[in-house]
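Just so you know, the protein sequences line up as chains D and W, in that order.
Letter by letter, the first sequence follows residues 1 to 387 of this note's numbering.
Letter by letter, the second sequence follows residues 388 to 620 of this note's numbering.
Misleading hints may appear alongside valid ones.
[Said to hold, decoys possible] Derived BS3-like pairs: lysine-lysine, alpha-carbon spacing no greater than 30 Å straight-line:
(1) K409/W <-> K592/W
(2) K373/D <-> K463/W
(3) K289/D <-> K609/W
(4) K373/D <-> K470/W
(5) K485/W <-> K285/D
[Claimed, not checked] If you only want the chain D side, here are some residues facing chain W, beta carbon under 8 Å, derived:
(6) E290
(7) G298
(8) L384
Because the hints were derived from the structure by calculation, they are not lab data.
Note that CB positions come from ideal geometry on N, CA and C, so glycine has one too.
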Amino acid sequence: MSGFTITLGLLIFITLLGLGNGLQNSFNQFFMDDATNTMFIFPGRTSMPYKGYNVNRTIQFKNDDLTDIQNNFPYYLEYITPRLFRNGIVTYNNESNSYSYVGVNPAHQTSEKTIMMKGRYLNDLDIKEKTKYAVIGRLVEKDLFKGKIALGEHIIINNTAYKVIGVFQDEGGDNEERRIYIPYTTLQLIEKNTDYINQIVLAYKPELGIAGAMLFEEKLTKFLKEKHEIAPDDQSGFFIRNIADNMNKNQQLSGVLTLIVTFVGIGTLIAGVIGISNIMVFVIKERTKEIGVRKALGATPFSIITMILQESIFITLIAGYIGLFLGIFVLNMIGDKLENYFILNPYIDLGTAITATIILILFGALAGYVPAKRAARIQPIVALRDE
Amino acid sequence: MIVINNLHKSYKMGSNVLHVLKGINFNVNEGEMVAIMGSSGSGKSTLLNIVGMLDLLDSGSYTLDGVPIVNLNETKAAKYRNKFLGFIFQSFNLINYKTALENVALPLYYQRVPKKERDEKALQYLTKVGLANWATHLPSELSGGQKQRVAIARALAAQPKVLLADEPTGALDSTTSYEVMQLLQEINDEGKTLLVVTHEEDIAKMCKRIVQLKDGIIIEDKKVNQVRASEYV
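Model the full structure from these sequences, guided by the hints.
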């Protein structure tokens with residue numbers, strides 16, 4: 001009976017914690033597709049006149065913005081890459097389709113967590129030489145090449161031919177796998193040899209932490225406002241999206257979830273312990289007479305306590321073991337079946353599970369100790385009279 | 388063997404104080420077989436419990452085999468009980484989930500005798516009470532007389548100085564009672580000291596000495612000619 005309480009307690013604890021972990025997994029899956037130490041800078045239009053400039057001036061980032069950021073923030077910066085988004089018709093032989101193609105730096109691979117399936121990503125030489133190379137998404141290859149090998153073939157993007165040097169996949173979803181990456185310098189060359197760029201993606205060093213990232217964002221904002229002569233109070237000259245900020249909120253949310261789950265789990269464990277304690281009291285009451293007999297035969301209080309404790313630990317151990325494995329079994333059964341309910345790969349690490357079991361056994365022993373101690377104090381004569 | 392001087396014992400029953408033993412002076416020598424008689428409420432069981440160190444005395448003195456029994460803590464009392472005394476109860480008090488052999492071996496367990504030696508000795512005593520074939524049976528599979536014989540074997544197993552029997556035949560029919568008494572007489576013949584609490588005249592007459600208790604004092608203490616239980620069996 002008492003064993004059942006413990007089994008159930010541990011089962012519920014493990015299942016809940018596992019599901020909580022599953023929930024956290026889906027959270028991470030949703031929000032961690034891109035590198036988490038990333039910031040995006042989007043250009044905008046000014047909303048205030050400043051230093052003789054009119055309102056509503058379009059801010060245009062250029063290549064020198066990249067180098068300036070690189071030179072001014074070496075302490076914070078891990079890498080930086082521009083992003084020039086374009087849409088166009090892409091043709092291979094007779095197949096053609098509309099895709100977005102992006103001019104980027106090699107560092108963009110890290111920021112998007114692009115995974116190369118075949119060939120290679122763009123490299124620094126491609127940027128320098130302004131090569132007409134393209135890295136295409138898995139779905140682009142599927143659509144245009146129909147199972148043929150794309151590597152080394154030429155595709156035509158808006159009337160310019162590019163050689164396919166790599167195929168990638170991305171966990172960000174179908175849209176991101178329908179992209180084509182080309183060197184941003186090549187794109188600038190084709191577009192009348194400008195040095196314009198749209199977005200800047202940069203990553204700060206992860207060891208800065210969230211606080212460091214916020215400070216960096218602040219300094220960067222100030223620097224860019226000065227450089228582009230935007231009023232210090234103007235919020236719309238450009239925008240910085242800081243993933244760290246988002247992540248912070250998400251982590252808080254999933255942290256709260258875990259906290260709730262843990263709380264419920266611990267509650268169940270406590271209920272289990274109280275259960276054992278209760279049952280031990282009952283068991284001892286039932287065995288008062290036996291304890292009296294044992295004392296009459298020469299059992300010391302210590303040997304009585306030892307006996308009761310051994311029993312309560314034994315029960316807890318067996319029951320805890322069953323609960324542990326039942327819980328892990330249930331989690332395995334659930335597996336990914338609840339993916340639609342945002343529970344992905346529920347798991348509990350063995351360490352936590354074993355800790356829970358040990359705690360339960362420990363408390364089970366403690367729960368047994370109090371009644372055992374009382375049992376040891378029973379006067380044999382009282383115990384023997386107990387019919 | 389047992390020396391008791393001016394023993395008093397009272398119980399608190401709510402606000403009333405029940406004075407059960409009012410100055411008992413009582414000696415038992417080695418090898419005696421003493422019956423303590425009296426109607427219910429005369430204090431005979433209380434006396435036995437104090438002798439058995441199951442209960443504490445209020446005033447007076449009690450010496451067992453030369454050892455003064457004073458200021459006992461639980462652990463010390465447990466040791467003395469184990470070493471000096473063997474108990475036989477009216478309701479047998481066998482542990483019902485242990486076999487006859489395990490029950491008999493229990494006092495030896497508390498003497499920290501190794502398992503193998505324990506079982507050997509226990510079987511020896513079971514043989515003595517004629518139940519060697521029942522060693523592996525649980526108490527629930529034994530008759531009342533057999534249970535009491537297991538209990539006697541258990542009481543003997545620790546080789547105590549004194550056997551204390553509280554209404555040993557109270558739960559048995561007369562034939563079985565005589566069998567049990569015969570066994571107790573045989574044990575006494577071997578030199579063990581026995582104290583038997585009973586209210587049955589015929590059982591008392593099978594002892595060598597009868598002590599009459601009434602309202603907490605000894606009113607009569609006489610030697611009798613022992614009636615051998617074997618005559619009835």
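Structure-inconsistent hints, enumerated in ascending order: 3
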